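Visitor: So the sequences go chain by chain: A and B. Per numbering that gives the first Met the number 0, the first sequence starts with residue 0, numbered consecutively. Per numbering that gives the first Met the number 0, the second sequence starts with residue 0, numbered consecutively.
One or more hints might be untrue.
Calculated cross-link-like contacts (lysine to any residue; reagent style SDA-like; alpha-carbon spacing at most 20 angstroms) [what the hints assert, rightly or not]: (1) A/Lys117 <-> B/Val51; (2) A/Lys64 <-> B/Val51; (3) A/Lys65 <-> B/Leu55; (4) A/Lys77 <-> B/Lys77; (5) B/Lys84 <-> A/Met0; (6) A/Lys63 <-> B/Leu55; (7) A/Lys2 <-> B/Lys77; (8) A/Lys63 <-> B/Ile56; (9) A/Lys114 <-> B/Ile53; (10) A/Lys114 <-> B/Pro54; (11) A/Lys65 <-> B/Ile56; (12) B/Lys84 <-> B/His69; (13) A/Lys77 <-> B/Pro47; (14) B/Lys83 <-> A/Ile4; (15) A/Lys64 <-> B/Ile53; (16) A/Lys117 <-> B/Ile53; (17) A/Lys77 <-> B/Lys146; (18) A/Lys2 <-> B/Ile71; (19) B/Lys77 <-> A/Ile5; (20) A/Lys2 <-> B/Val51.
Not the full set, but computed from the structure, chain B residues with beta-carbon under 10 angstroms of chain A [unchecked claim]: (21) Val2; (22) Val51; (23) Phe66; (24) Leu67; (25) Arg105; (26) Ser117.
Bear in mind the hints are in silico, worked out from the structure with no lab data behind them. Note that the structure is a prediction, hence the values are computed from the model and not measured. All C-beta atoms in this analysis are idealised placements derived from N, C-alpha and C, irrespective of residue type, glycine included.
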Amino acid sequence: MVKTIISIVVVSLILTAGIIFENNFTQNEFEEFHQTLEVLYEKVNDKTAVEDDAYAVQNCWLNKKKYLHSFIPHTEIKEFDLWIAESVKLIRDKKWEDALSKVEVLLELAEQVPKTFKLSLENIL
Amino acid sequence: MVVIFIRTFIIFITLVILIRLMGKRQIGEMQPFELIVTLIIADLACIPMADVSIPLIYGIVSILALFLLHQIFTLIEKSGDLAKKVLSGKPSIVINTFGVDMVELRSNNLGVDDLIESMRALGYFHLDQVDYAIFESNGKLSALPKKEPLECSSLPLLVINEGKIINRNLEFLKAEESKILEFTQQKCSIKDVEVLTVDGTGKAYFKQKQKKYEILQFPLNEGVKW
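Next up, chain A with everything else stripped away, as it sits in the complex (with noise of 0.2 angstroms):
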């Protein structure tokens, strides 16, 4: 009885560790990444944007994208990765109405992709 009271205990400490940390820690990361991009909207909108900002960007997410893998499925990563290859090169070239749109989708995929990870009853079902 005492060992499956602590074995309760223990293994409930653990998921809610993790279940606080893993939101926390995607949101930051989201939350960060999703700034650094409005930066990159406004330069791209502004037609100021030079190939460093993009590729400012794509280092930012290679950097969180590490850590990220451990929580959301590679799929969804790989999503960014391709987004955001676009978008340098379409950058560089400076297209500038096609850039703002992959900017776009990157800032949708920014906000949607931690609500996924949000306790709600879409996300249960």
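Start from chain A and add chain B according to the hints.
Guide: Frame of chain A; chain B shown alone:
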């Protein structure tokens, strides 16, 4: 993680309810919730292993959640008789001194053929060889044999199961349906016969509704023996 935990919880509870409703037929030696843990845990371990696009933590969290649920259910089960009855069910006495108890059998989604099969596994081929037979909550059959063991030399066949004649067994008996009807009508209408088994010597186990079983002699045709 919290979403995975809740999803695992919902699946677990649903399966516990379903397995409990299915009765003892679906269980083999384990308690219902233990069976469910065993069923799910194998898949949960396999999916993140086989699909590299799923983070390993998804599998680990689900398995931990199942372990937690198992421990909680174990604790609840130990807390009292009512909790144990709700979670694991209670043993069912399917044969008593009056014979086969059809009500208990039906409440566990079992039939006389299932009972005969389980008894054969225990080494009892005749229903009257035991005073009591109990389907334990883990699905296993336990039996208390009669004080004086009966000598049995022939395999009994189920001829009537809950008022219905088993035609395929009539071929062994080499008897027509009319002969069975004639035999049962000496006692009651065929609808009231719960069980009738006949062995190769003609020994018949006859049980009618709400009456104690009787051992009768069935008039086998000449030369019929198995």
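Visitor: If a hint holds in the structure, say so; if it doesn't, say that too.
Guide: Now for the hints, and whether the structure bears them out:
1. A/Lys117 <-> B/Val51: With Cα atoms ~23 angstroms apart, lysine 117 of chain A and valine 51 of chain B exceed 20 angstroms; violated.
2. A/Lys64 <-> B/Val51: The given pair, whose Cα atoms are some 16 angstroms apart, holds under the 20 angstroms limit.
3. A/Lys65 <-> B/Leu55: Given pair lysine 65 of chain A, leucine 55 of chain B holds - Cα atoms ~14 angstroms apart, limit 20 angstroms.
4. A/Lys77 <-> B/Lys77: violated (48 angstroms)
5. B/Lys84 <-> A/Met0: Answer holds: lysine 84 of chain B to methionine 0 of chain A is near 19 angstroms, not above 20 angstroms.
6. A/Lys63 <-> B/Leu55: holds (18 angstroms)
7. A/Lys2 <-> B/Lys77: Measuring from Cα to Cα gives roughly 13 angstroms; hence the hint holds.
8. A/Lys63 <-> B/Ile56: Distance ~18 angstroms between lysine 63 of chain A and isoleucine 56 of chain B Cα, so the pair holds.
9. A/Lys114 <-> B/Ile53: Given that 20 angstroms is the threshold and the Cα spacing comes to 18 angstroms, the pair holds.
10. A/Lys114 <-> B/Pro54: holds (17 angstroms)
11. A/Lys65 <-> B/Ile56: It holds: about 15 angstroms lies between the C-alpha atoms, which stays within 20 angstroms.
12. B/Lys84 <-> B/His69: holds (16 angstroms)
13. A/Lys77 <-> B/Pro47: holds (18 angstroms)
14. B/Lys83 <-> A/Ile4: holds (18 angstroms)
15. A/Lys64 <-> B/Ile53: Between lysine 64 of chain A and isoleucine 53 of chain B the Cα gap is close to 14 angstroms, so the pair holds against 20 angstroms.
16. A/Lys117 <-> B/Ile53: With Cα atoms ~18 angstroms apart, lysine 117 of chain A and isoleucine 53 of chain B stay inside 20 angstroms; holds.
17. A/Lys77 <-> B/Lys146: violated (73 angstroms)
18. A/Lys2 <-> B/Ile71: holds (12 angstroms)
19. B/Lys77 <-> A/Ile5: Holds, at roughly 15 angstroms.
20. A/Lys2 <-> B/Val51: Measuring from Cα to Cα gives roughly 35 angstroms; hence the hint is violated.
21. Val2: holds (5 angstroms)
22. Val51: Holds - the Cβ of valine 51 of chain B comes within 10 angstroms of chain A, reaching about 7 angstroms at its closest.
23. Phe66: It holds, given that the least Cβ distance between phenylalanine 66 of chain B and chain A is near 6 angstroms, below 10 angstroms.
24. Leu67: Hint holds; leucine 67 of chain B Cβ to chain A Cβ min 5 angstroms, cut 10 angstroms.
25. Arg105: violated (35 angstroms)
26. Ser117: violated (32 angstroms)
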